[in-house]
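Residue numbers (our numbering): 877 to 1028.
Where hints are given, some of them may not hold.
Quick list of simulated restraints, FRET-style, between CB atoms [claimed, not checked]:
(1) Gly-899 with His-953: 26 to 32 Å
(2) Met-877 with Gln-1004: 46 to 52 Å
(3) Gln-1004 with Met-928: 25 to 31 Å
(4) Gly-975 with Gln-945: 25 to 31 Å
(5) Gln-958 with Gly-899: 21 to 27 Å
(6) Tyr-992 with Gly-920: 37 to 43 Å
(7) Glu-938 with Gln-988: 38 to 44 Å
(8) Ala-929 with Ala-881: 23 to 29 Å
(9) Leu-943 with Thr-900: 23 to 29 Å
None of these hints come from the bench; they were simulated from the model.
Cβ atoms here follow ideal geometry from the backbone N, Cα and C, with glycine treated the same way.
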Amino acid sequence: MIERALRGCRAAVGPAVPLAAAGTSLRWAAEALELSRRGVLPGGVLWCSEHMATLVLFKDEELVRALAQVRLAPLAHLRPAQQDRLAETLLAWLRHGRGAGEVAAKLHVHPQTVRYRLRQLEELYGDQLADPDIRFELEIALRARQAAPAAR
């Protein structure tokens, strides 16, 4: 009913919280609207409960940029198009498993292309890709990069 009433409008609905925390829910909704205006979140009616990870990720953008600068440094010397391809491959690998076939299906490329890119990433990152904490930080940095391409 809310979506039908607000069709064509940009709006955000904060998560359900106890009445005493209504101000917090309103603040999160306002933050979601700002992220929508910037193109990080989609337009229309936003349900904050569906975008909580993005709200957390963009809570301190300076810190996320600093993390990205450190974790994505191995890609920095590459051409922008090559950075984009390897970042996309690395994020798919982190999110969807470590099998070239599965990653290739998500990226709509040939598995051999994924294997080639993964070899490049292994050369660039070395043992770092075996560290779960670094993989977690890489995923944060790559998701932020994907959500806000203008911030690169």
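To see whether the hints hold, each was checked on the structure:
| no. | hint | verdict |
| --- | --- | --- |
| 1 | Gly-899 with His-953: 26 to 32 Å | violated, 46 Å |
| 2 | Met-877 with Gln-1004: 46 to 52 Å | holds, 49 Å |
| 3 | Gln-1004 with Met-928: 25 to 31 Å | holds, 28 Å |
| 4 | Gly-975 with Gln-945: 25 to 31 Å | holds, 30 Å |
| 5 | Gln-958 with Gly-899: 21 to 27 Å | violated, 46 Å |
| 6 | Tyr-992 with Gly-920: 37 to 43 Å | holds, 39 Å |
| 7 | Glu-938 with Gln-988: 38 to 44 Å | holds, 39 Å |
| 8 | Ala-929 with Ala-881: 23 to 29 Å | holds, 27 Å |
| 9 | Leu-943 with Thr-900: 23 to 29 Å | holds, 25 Å |
Against the hints set out earlier in the document, violations occur for numbers 1, 5.
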